[in-house]
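Q: In case you want the letters, here they are:
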Amino acid sequence: MAIQTILVINKSGGLVYQRDFSASAPRLSSNEYLVLAGTLQGVVAIASQITPKSLQITRKTGSKSGSDANHSSQLVPYVGALGSSAVPAQELGSFMGPDYFNEAFTSWNTTGLKHVTTDQNSLFLYQTLTGVKFVAVSSQSATSTMAVSIAENLLRKAYCLYVDYVMKNPFYEPEMPIKCELFDKRLGELVAQL
Amino acid sequence: MSHKIINPSTSVAQHPAPQGYDYTIGPQQTLPDLPQSMGPSSASTFASTGISTTGPSAASAASSTNLASGPSVYSSSLHPLAHTQQVSLAAYAFLFQEMVAQARNASKSVAEIELRLHRHGYHLGVRLLELLNFRSSVNASSRSAFFKTSTAGPSSTSATVSSSAPSAQLHGYHSHGSGDAAGATAAAAAAAAADDGHALAHSISHMKRRDLTMVEILQFVHSTVWTYLFGRPSDDLVKSSDRDNEFMIVDHAPLLTRFISSTNVQCDFFVCGVVEGVLDSACFPCAVTVHSVPDDKFPEKAVFVVRFESAVLEREALRA
Amino acid sequence: MPCYFAIIGAKDNPIYEAEFTNPQLNQFPPELKELNPFILHASLDILEDLQWQAHPQSGASTGTSGGFLRSRSSANNSNCYLGKIDHFYGLAITGYLSYGNMKFVMIHSGNTNSGLPVTIEDGPVKSFYQEVHELYIKTLMNPFYKLNEPITSPVFDSKVRTLAKRYLTK
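Just so you know, the sequences run in chain order E, D and H. Per full-length UniProt numbering, the very first residue in the first sequence carries number 1; after that it's consecutive. Per full-length UniProt numbering, the very first residue in the second sequence carries number 1; after that it's consecutive. Per full-length UniProt numbering, the very first residue in the third sequence carries number 1; after that it's consecutive.
Simulated from the structure, these hints should not be mistaken for lab results. Please read these numbers as outputs of a predicted model, since none were measured by experiment. Among the clues, some could well be false.
What the hints assert, rightly or not - Straight-line distance between alpha carbons at most 25 Å, and here's what the computed DSS-like set of lysine-lysine pairs gives:
| hint | chain 1 | residue 1 | chain 2 | residue 2 |
| --- | --- | --- | --- | --- |
| 1 | D | K239 | D | K297 |
| 2 | E | K179 | D | K108 |
| 3 | D | K301 | E | K185 |
| 4 | H | K146 | H | K165 |
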């Protein structure tokens, strides 16, 4: 799975971070990326409206009322270190090694939109509780649940980096475009490991 | 207090009870009307009324031996194991982030931000010099004596910071070496005995020597202060080959700024302030600056340059 | 025996003073009481000289700083407690330096005004200084206390007096 682009969209739908990782990534102008971010925000909002209410309720109340099927659908399995664990433990910031996390995690994405697949590309979405959305564009047309959970793991790790190197940077203004060298660097390392 | 008239000490009637030192009055000449045997149990009745209350109510409370007990600096122990050993890195980072942000909002220029951070650190350094030296005077034997005499009791000073948070552990403001299992159980005992303020100095037979030379005091900074703040000694301590008064403390990955992308503001000036506070109050006046010297292996390497004033060199030449 | 104790800050300013007297028996005579701060500050020069000596208590330095300063010699390696540093007409002055070079000094007076020099018992006096040092560090831990400011806390005061009662009165 070749990651072409990673986007970070803030809670009001503005594009705060965009980075291409492969030369084959489609060259879009910054304006087009902004439009893409706004469109995604709109699609997510629509998807959350058309997702059946019953499904949202069972997801919110968690495993107590949900059936086994529901339970497994909201838990994203941990898929391992995603390639070689070249990062030394002390490079993990405020996370304890050997990896950022090492167990299955609850998906906070209750809107229903997790990935979009076309013949050429697929697009994965990871949503945080605070409304920040991490988007990865892959060059493969992947539909398997395995691919989706790998993408979710990757984006969750990107979120961990965001927490460390963006939110703990005193010079970052919330909701503004991210210009943090260390975040760039660590994200590059993360994607390069795949 | 500055508007008070300073009277000669004889013109003041003798006070029946200690009310705290007032420099406008001068020394007061009483001994407390207390039983001679001030054991640990009666010492705890002195757990106090707050430090800077000098009003009449506080004074009258102090006159009786049954002081209203509440948490105060005097009722908590200085023992290295009396406080939680570790603070989560995330908490440390967020606190520092907020400090930088506050300095940034209040400043007009980069130099001013750095000056503010420097000043914050300075006050910390002044205190660390006394505290850490005193703690190193508490040796192993007096530690065990401390725990033997400690009286178990409910303590209000046991820290509540969880050290099991899913984050890297480091030694925070209230920490000191030895984070082993024995230390953890000892910490609980020390916290229980934390209001026994007198036990500590009493059990010290030899105070640690004051550091008299530049090298001694820099080694103290390099090892003790660094270990206390960052959980490890600094990576190197180098003497400049060009200038006699210049020393360099090298840190390959400064902990405080590890989440801060390099900007034109050097946030490590906080650590400069700590170092300068330590050295200044130990009578080694100096100027400390920080320079980031990235190399291939350590992209975040920082060098703290300490420049002593010429008076320090002259003094050392005289005493050599 | 009455004692006059002071903590002197970095700018030679007193940040704490106290007299330990027994109201029934022993007090400083009024004319001497006024002189106490002067006697004490006069000994600060000697204290600052001892401050930078490697072995202030060893007696090896008596050649340079005057033999009359040393009442005794010891092989003690510690350089916080300086012992008896000065005397003034039968009054003895002892000194102690904290790590931040706060000067703890005390005038010891004899029981009578006979002019006999006071003998200092180093053990209890040193313990007194160490415990006051600990109290001073605790004061410093208060974020609202600034270095070199007078210590006005009644708790500090009463604790110091309790220590004086325990260690200095016989």
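Q: Next step is simple, just say for each hint if it's right about the structure.
A: Hints, one by one, checked against the model:
1. For the hint pairing D/K239 with D/K297, the CA-to-CA distance comes to about 22 Å; that is within 25 Å, so the pair holds.
2. A C-alpha spacing of about 22 Å is found between E/K179 and D/K108, which places the hinted pair at or below 25 Å, so the restraint holds.
3. Taking the CA atoms of D/K301 and E/K185, the gap is near 16 Å; set against the 25 Å cutoff, the hint holds.
4. Proximity of H/K146 to H/K165 is assessed by CA-CA distance (about 28 Å); at most 25 Å being required, the pair is judged violated.
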